[in-house]
Amino acid sequence: MLIEIDGLTKRFGGFTAVDHVSFRVARGEVLGFLGPNGAGKSTTMRMLAGFMIPTEGTARICGHDVQTDGVAARRLLGFLPEGAPTYPEMPVAGFLRFCAKIRGYRGAALDARVAHALELTRLEGVRLQPVETLSKGFKRRVGLAQALLHDPPVLVLDEPTDGLDPNQKHEVRALIRRMAPDKAIVISTHILEEVDAVCSRAMIIAAGRVVADATPAELSARHESGKLDDVFRALTMAGDNLTAVTGEVG
Amino acid sequence: MRNVFIIAGRELTAYFVTPVATVFIVIFLVLQGALTFNLGDFFARGQADLNAFFTFIPWVFLLLVPAITMRLWAEERRLGTIELLLTLPLTQAQAVLGKFLAAWVFCAVALLLTFPFVITVNILGSPDNGVIASGYVGALLVAGAFLAVGSAMSALTRNQVIAFVLAVAVCFVFAVASYSVVTDFLSRGMPVLADIARRVAVIDRFDDFTRGVVSVRDLIFFATFIGFWLYLNAVLVEQCKAD
Numbered sequence: 002m003l004i005e006i007d008g009l010t011k012r013f014g015g016f017t018a019v020d021h022v023s024f025r026v027a028r029g030e031v032l033g034f035l036g037p038n039g040a041g042k043s044t045t046m047r048m049l050a051g052f053m054i055p056t057e058g059t060a061r062i063c064g065h066d067v068q069t070d071g072v073a074a075r076r077l078l079g080f081l082p083e084g085a086p087t088y089p090e091m092p093v094a095g096f097l098r099f100c101a102k103i104r105g106y107r108g109a110a111l112d113a114r115v116a117h118a119l120e121l122t123r124l125e126g127v128r129l130q131p132v133e134t135l136s137k138g139f140k141r142r143v144g145l146a147q148a149l150l151h152d153p154p155v156l157v158l159d160e161p162t163d164g165l166d167p168n169q170k171h172e173v174r175a176l177i178r179r180m181a182p183d184k185a186i187v188i189s190t191h192i193l194e195e196v197d198a199v200c201s202r203a204m205i206i207a208a209g210r211v212v213a214d215a216t217p218a219e220l221s222a223r224h225e226s227g228k229l230d231d232v233f234r235a236l237t238m239a240g241d242n243l244t245a246v247t248g249e250v251g
Numbered sequence: 750m751r752n753v754f755i756i757a758g759r760e761l762t763a764y765f766v767t768p769v770a771t772v773f774i775v776i777f778l779v780l781q782g783a784l785t786f787n788l789g790d791f792f793a794r795g796q797a798d799l800n801a802f803f804t805f806i807p808w809v810f811l812l813l814v815p816a817i818t819m820r821l822w823a824e825e826r827r828l829g830t831i832e833l834l835l836t837l838p839l840t841q842a843q844a845v846l847g848k849f850l851a852a853w854v855f856c857a858v859a860l861l862l863t864f865p866f867v868i869t870v871n872i873l874g875s876p877d878n879g880v881i882a883s884g885y886v887g888a889l890l891v892a893g894a895f896l897a898v899g900s901a902m903s904a905l906t907r908n909q910v911i912a913f914v915l916a917v918a919v920c921f922v923f924a925v926a927s928y929s930v931v932t933d934f935l936s937r938g939m940p941v942l943a944d945i946a947r948r949v950a951v952i953d954r955f956d957d958f959t960r961g962v963v964s965v966r967d968l969i970f971f972a973t974f975i976g977f978w979l980y981l982n983a984v985l986v987e988q989c990k991a992d
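As given, the protein sequences belong to chains E and W, one line each in that order.
In this text, residue positions in the first sequence follow our numbering: the first is 2, and each later residue adds one.
In this text, residue positions in the second sequence follow our numbering: the first is 750, and each later residue adds one.
So that you can see chain E by itself, here it is in the shape it has in the complex:
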């Protein structure tokens, strides 16, 4: 198991953002993390990346606890934070070189890594442009390039295709599918068709709790219409439905 999450909980004052979430992701799996805004997707991912300190529970990446053995865990992780933040004044290649240096590369290996990441995300044309001059889609790809730079066994991508045009979305999904066999990948998304397109497993989270965890096909079959949209709405909107289905899953 490359990703192990045990009873991860985050409370902000009296509000519970993430409530005892546990799951495992093995090599070759692409887990689609679904849920309405504010359901706790980003918070879970931040805790998995070791950025946010959980109130309870913990997460392990390739066996390294993200709290107690954080540096080792983060070395094996490629993380795209929400909104794909990057340093605005840095040129694309300069930014990636900075990340590669922190990841321990130097000399020819560093050049090769940066060149490879630029190629994967098709950023060669803007490599010398400062990030702040780029469009939203390009910025997102810079964040993605940074996450893929060191070819990590674990990828955690918070809305990797947000702000991309349809062609770019298609490319990023193809890229994720290509990488899938030898990595454990977690992506969060609002776009349900993306789940069908790239995920081998879908998890729906609402009000901080996991309400469904199955293959996209199994999930779709839960509603008579056979549409993931309807299942999503049924699971995340009505409180009654929510408890009913949780019982079913648990």
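These are calculated hints, taken from the structure and not from any lab test.
Check each hint, because a few of them may be wrong.
[Claimed, not checked] Below are the DSS-like pairs computed for lysine-lysine, each with C-alpha atoms no more than 27 Å apart in a straight line:
#1 W:K990 to E:K140
#2 E:K137 to W:K990
#3 E:K184 to E:K102
#4 E:K102 to W:K990
#5 E:K102 to E:K137
[Stated by the list, open to error] Residues from chain E shown here face chain W by an in silico Cβ test under 7 Å; the list is partial:
#6 P82
#7 Y88
#8 E90
#9 P92
#10 I103
#11 L121
The C-beta atom is built at its ideal place from N, Cα and C for all residues, glycine as well.
For this one, chain E is given, so just place chain W on it according to the hints.
Structure of chain W alone, referenced to chain E:
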């Protein structure tokens, strides 16, 4: 250690690719020059030394150093890049040290560019260059002390203006701590506090350097002071990063 230098390199580049570096250095040199020559009566004193120059430098730093440090963490938090930075395989201590080091090197560059003052006094007379050198060491340490305070204040907030104002206020407290106004007030109520205030006063320590005295006690003071605030900085980053 390598990570510290990589972070410091990135930060230092960030100062110089934005107008921050130019604006800071120009204002620093103009202000320092104007204060030394006009308010400090550099020529009228008729002495070949840099006393006037060193009298004003902590106050100029008090105003300008927080302008360098205010962005260090506040901007990372506002842009969300802190999430990127702290999920790279480095420790928080390395990030704190790297940022501090970059700001300190930047101050050292600004300080080095005041070399025309040294040349001027050496042309006009024969000053004690040893005293001048120890004055510069002291000035660099005062800058370091204020930078450490400013950096910690920057970790408290995502708003750079708040970071600036807090840093000026806290630095000011440590600058004037030994002034009789403060110590008299404290010794009336709590004599212990007055004694502590005298000991933590940054300007008092700096005065030793400008007289040409570089004592181990003062060096230990600055090392402890900077160390304390950087430690606080790391704690604040840990506590506030995800808010």
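Hint check:
1. Pair hint K990 of chain W plus K140 of chain E holds up; C-alpha atoms about 23 Å apart against a cutoff of 27 Å.
2. Proposed proximity of K137 of chain E and K990 of chain W is supported: the alpha carbons are some 25 Å apart, at most 27 Å.
3. With a C-alpha separation of about 23 Å, the suggested pairing of K184 of chain E with K102 of chain E holds against the 27 Å cut-off.
4. Distance restraint check for K102 of chain E and K990 of chain W: the Cα-Cα separation of roughly 23 Å lies within the 27 Å cut-off, and the hinted pair is therefore satisfied.
5. Of the pairs offered as hints, the one joining K102 of chain E and K137 of chain E holds, with about 25 Å between alpha carbons and a cut-off of 27 Å not exceeded.
6. A distance limit of 7 Å between C-beta atoms decides the matter here; for P82 of chain E the minimum to chain W is near 4 Å, and the interface restraint holds.
7. The closest approach between the C-beta of Y88 of chain E and any C-beta of chain W is roughly 6 Å, which is under the 7 Å cut-off, so the hint is satisfied.
8. Of the supplied interface hints, the one on E90 of chain E holds, with its beta-carbon coming within about 5 Å of a beta-carbon of chain W, less than 7 Å.
9. The criterion of a C-beta within 7 Å of any C-beta in chain W is not met by P92 of chain E, whose closest approach is roughly 9 Å, and the hint is violated.
10. At its closest, the beta carbon of I103 of chain E sits 5 Å from a beta carbon of chain W; the interface hint therefore holds under the 7 Å criterion.
11. The beta carbon of L121 of chain E is not positioned within 7 Å of any beta carbon in chain W (closest approach about 18 Å), and the interface hint is therefore violated.
Hints 9 and 11, counting from the list given before, are not met by this structure.
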